[in-house]
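Chains as they are written, first to last, in my numbering: chain A, 1 to 195; chain B, 1001 to 1539.
Please keep in mind that the hints were generated in silico from the structure rather than gathered at the bench.
We treat Cβ as the ideally placed atom computed from N, Cα and C, and that holds for glycine.
Hints are not guaranteed to be accurate.
[Claimed, not checked] Where chain A lies over chain B, by a calculated footprint (3+ residues, C-beta under 8 Å):
{"#": "1", "region": "1028 to 1039"}
{"#": "2", "region": "1172 to 1181"}
{"#": "3", "region": "1310 to 1318"}
{"#": "4", "region": "1322 to 1330"}
{"#": "5", "region": "1340 to 1347"}
[Claimed, not checked] Selected chain B positions facing chain A (Cβ under 7 Å, derived; list incomplete):
{"#": "6", "residue": "N1246"}
{"#": "7", "residue": "L1249"}
{"#": "8", "residue": "E1250"}
{"#": "9", "residue": "T1336"}
{"#": "10", "residue": "K1337"}
{"#": "11", "residue": "K1532"}
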Amino acid sequence: MKRDIILAGVGGQGIISIASIIGFTAFQQGLYMKQSEVHGMSQRGGNVQSNLRISDKEIASDLIPLGKADLIIAVEPLESLRYLPGLCKDGWVITSTKPYVNIANYPPIDDILKEIKSLPHHIALDAEAIAKDVGSVKAANIVILGAASPFLEMAFENIENAIRFIFRKKGEEITAINLKALHAGRDFTDQNRAN
Amino acid sequence: MQKLLLLGDEAIAQGALDAGLSGIYAYPGTPSTEITEFVQNSRQAFENEVRCSWSANEKTAMEAALGMSYAGKRVMVCMKHVGLNVAADPFMNSAITGANGGMIVVAADDPSMHSSQNEQDSRFFGKFAMIPILEPANQQEAYDMVYYGFDFSEKYKIPVLMRIPTRLAHSRSGVERNTTRRQNNIALPDNLRQYVLLPAFARKRYSHLLKEQVKYEQESGNSQFNRYTDGDDKSKGVIVCGIAHNYLLENYPDRKVPFPVLKIGQYPLPKKMIERILSECNEILILEDGYPFVEEMIKGFLSGTGKVKGRLDGTIPRDGELNPNIVAFALGIEETKGLDIPTLMVNRPPSLCSGCPHIDSFNAINEVMVPFTKGRVFSDIGCYTLGALQPFETINSCVDMGASITMAKGAADAGLVPSIAVIGDSTFSHSGMTGLLDAVNDKSPVTVFILDNQTTAMTGGQDSPGNGKIEDICRGVGVEEAHIHVIRPLKRYHKENVKIINEELAYQGVSVIIPRRECVVNINKRTQEKIKKANNTDS
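With the rest of the complex left out, here is chain B (with noise of 0.2 Å):
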């Protein structure tokens, strides 16, 4: 078969093209946002009509997949892992009702926080809900388990999680397809009360679920995702999660680990693989990106013992992600390091691009904050929360999607008057517009600024969800007409500008001032999309 060269989201999104997918559902977040992107900018997508566009959030996005598993068809929904959080009360449902047509849920955690807030693991997540997680190793293997999981989701009539980290989500290589496989037609549960979460009917549900765990387990104990490789030398064995197999062999050129290794690709645990490992050899090194998930399980009464390395007791670092050196220095490898970094070296952190509107807001917000005491502006998830750094420093929280509204709120409500909000447009669109309806029934005396640049900006710029619809959603909540402005963040308008936020954070209640200038880098996009489609033509 034709080989590809793939990121390790596009492999998933490959995956399930070939695998018959009729839909995928997901709200961009790093490092998730290219499994969509692929499937939005496929032929073959296109040609076989899979649905693909943005969802609102994440939690929209769960609920649709149940949706379009429900009548039968094969659905994907992607996430980052925090937005795993937002989708959790679909997801964890989704585990009792169970699913009809396949249904996979991509979480694509980010250990060591290069895009993130946390770097919570998914892992917990899957065994929280009781379905199979799937973890592969490298691109194929992301390929080949969305073709496999598919399949696993159907036979057993529920949602199986896959969980990839940042450096296989962001890494190409060379990946080989297998057949296409045609979608599913529309074809409803036979028991039309599966999903009818009623508690007498979901307790029937939830005990199904119970009984189908040894068959998952057994499934994991044949599944050519889970390997055992013995080895001669029995003074440790090597249980290692995903992406860490790759940091172990890197470690040997022959690809030959001596100790036993038992590779870890699909769970619940195998647990025969694990009795055989554990009896076998004298010391465990457990390798996993993210948390110590399987180091806990297996942990549990040895922990006295000293018998398992890993997370737990310092032999790998607490938090932060896997590499080839961290595992060498647990395998007692010799450090191969280079020259030191020199002692001029900085720091270079993001900064906005130069042009951004969110720089002209930044500086309004400002010059209205002088008069009063400093820590009074809360912000959000997205390009502006930047702001907090030099040179701007206006902004004085970022927790979670949608958290600022909210935060200014209960600040308000507190006292801390004026209180202020900065939001995205599409941050807006996924958690905002909930929590402004709250400030609204309360009348909170809170100024909200919507920063609207016309995109989804920090993860590449795509459709935001509430686009051209701002002003109405503000009006639709019960903001008053007098107290939304929409104002232009440009230079030759800042006193202007000042003069509205001004008198804005004066009144008693809610205000929203919308600042709208499009992303420059979109503009930017726009343009050169321009020049290769009028390149195409011309030929």
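One chain only, chain A, in its complex shape (with noise of 0.2 Å):
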């Protein structure tokens, strides 16, 4: 078993919550897992980065060689488009639809969408939309998630034990938006996934 998982969205939308929740339930099931990150300038409203690699053998490289993830997790549509040559031709991009405009240049958001359709396998979700019915716009990340999770080959109740692992400080009202958020994510892609 292998998953190279490339997150992408802009500094402060919480890609590392991700990264650490999907870490963190594959280090519990024992399998070997680098996470590289990003810190310092660019978390400040830049794009941001991070490769995930989790296998049931002994990892090399903390970086994904160029065409070999099998995922790319986004939460920003423009940013999902940005590390596509780092996506093997099987590669799923599951991303939210809800641009993040902090730059006078941003494209038009329909034309990053059809860019989006245009793979051959996407999952394109509003999942701030999709937060906010659940309880708080804050969880969009998680709705990502959720909707990432049929791809990351792992039970998803050890998923929803990593969520209440590492929300437990913040209160029992957020962790449960949060497994909301997760399950809704879900939900989006088992009904949305074409093949």
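Two chains, two frames, some hints: make the complex.
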């Protein structure tokens, strides 16, 4: 078993939280993992990415070679396209469709969505709207995690447990919202996955 | 033993704690910050009273570490690569004094400049000082090398340099722990002149250091971190340093490289192993993150033969960090690129947070500078360096910690009046204070903005060493009371602030303006922590 994942978004959108939850789940299952993170200046509203590698065999590189990632998980549509050279031929792109516009020359969102829809394997959802429905827009990243969960080759209840553990200090209410967000994301993929 | 999921930085910290660390000294700097933060948040460190608060800068940190080592305790001092420039004086001389209690200097390099102004390779500093260098390939080695490094440091009474790149510092993986060792008791050096570098004593110490070199090299030859793996195909031999080893193995799914491989994790280079690979292989490929440090040493007089391949002959790009694809290309392995990036893609550079106090400061500075020609605002290292980009384009320099005040002074001395300096509160206490004293002594006509957001913001909100003391420091170095102003960087005070700045620009001496408002990220963080605490007390 191996899953090489590129997580993409804008600084502050919570991709490290997604990585932590998947990483924690993998670690609990006794799998090997390497997760490279972004710290420092780019966290201030710049594009950020994290390479997350999970395997039942020892992992060599902290970075995923180009064309070898199984998944791109993005919390922002433009960012879902930035790391395409990293994705393997049968790889999936799971992304939010809600743009984060903090630059003057942000491309037209319709053009971006057209690019995403032209990809052979993609799941695209408005994570913010779904997160709002379940209780908080802040859980948008967890909606995306839920949408990506069927591709992770991990037991769903293990991911749920990881969320319970990681959010334990934020209180029961926030934990419950994030669990709902996870389920909502997963339901979207189950209903919309074409193949 | 228990397995932990740790960043490279955290593995170094945990290794130090388990090896009996008594103190850690550091100034925050990406990618080294998380080493000290891990110790600050560690229960183990708290229970064992490990000294761990931030220092004013890397030089004071290095000197304090030298003092703790003098007293016989194990100590670590951490910084980013350019921080070692600031600490270079005590660092170079620590090789002459030697250590007493184990001392490890960690320098975190940033090849590709993810968060830095250059990509200098700290191994040159290790060689310059003639001390042993450790360069881990992964998180487990980072942990093990710290443990080993303290023993080495005490065995030979010499500080040891550990060099890591960003990729390792900020990548997380499983780490197995060793047994925990008790801290050392206080024990002064046998010779109380060891640290007195008067020329007559220093010559003896230096000649001792020179004699020890052969022992360091022997240790490298026997080290578990330098490994020769033979291969059947002798058409090529690969010398691979630190993290580059991972990228090499990544290109062979069964992890079996057909060529002889010499993995380097400890310097000085193991001479016999190097001689073996050079004599047995037709061609040598050298893989190292950072500068062609090993390559230059090995190439030497062989440069005309074309036998040695690496960054110097273009087999590997001369700059930037390595990755599995660059290594694959150098090995002649086929490229594996996915789809192209769509043509609509645009860059998304970092920017100041919404509500950031620097925004109001830059708006005010831009307004007062309208009557003057452009290019008069010297700045420094911090979030406010983003003021160089759109929409502000306020600042014209960012060189090294503290250079804003001194560069503005030099430009003013040259006749560029007004000249303005823009520096953060933490950078000011790191290296700005002495420059301000120079400006006061020369009565240079400069206006200095100390943007006081009451934290070290860019590295994640660490305590700012000069917090609450900024005005006192300015008064103390001789800035006149009438020319020190604290203003509120908020839209509603904009007019008032512009008026104050204009008055000070007209003053032909040193003025200090302190826009003070807490970093918005810091405020959010404190609120989050309050929530966490409240939930903890409930349960």
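The hints, checked one at a time:
For the region 1028 to 1039 of chain B, the proposed coverage by chain A is satisfied: 4 residues have a C-beta within less than 8 Å of a C-beta in that chain, meeting the threshold of three. Requiring three or more residues with a Cβ within less than 8 Å of a Cβ of chain A, the coverage given for the region 1172 to 1181 of chain B holds, as 3 such residues are present. Only residues whose beta carbon comes within less than 8 Å of a beta carbon in chain A count, and the region 1310 to 1318 of chain B has 0; fewer than three means the coverage is violated. Given as covered by chain A, the region 1322 to 1330 of chain B passes the check, having 4 residues with a CB less than 8 Å from a CB of that chain where 3 are the minimum.
A stretch counts as covered by a chain when three or more of its residues have a beta carbon under 8 Å from one of that chain; for the region 1340 to 1347 of chain B and chain A the count is 7, and the coverage holds. Against a cut-off of 7 Å between C-beta atoms, the interface hint on N1246 of chain B holds, since the closest Cβ of chain A lies about 4 Å away. Given hint, L1249 of chain B at the interface with chain A, holds; its Cβ is 4 Å from that chain's nearest Cβ, closer than 7 Å. A hinted interface residue such as E1250 of chain B counts as satisfied when its beta carbon comes closer than 7 Å to some beta carbon of chain A; here the least separation is about 4 Å, so the hint holds.
Hint status for T1336 of chain B: holds, given a least beta-carbon distance of 4 Å to chain A, under 7 Å. Taken as an interface hint, K1337 of chain B checks out: its beta carbon lies about 5 Å from the nearest beta carbon of chain A, inside 7 Å. Given hint, K1532 of chain B at the interface with chain A, holds; its Cβ is 5 Å from that chain's nearest Cβ, closer than 7 Å.
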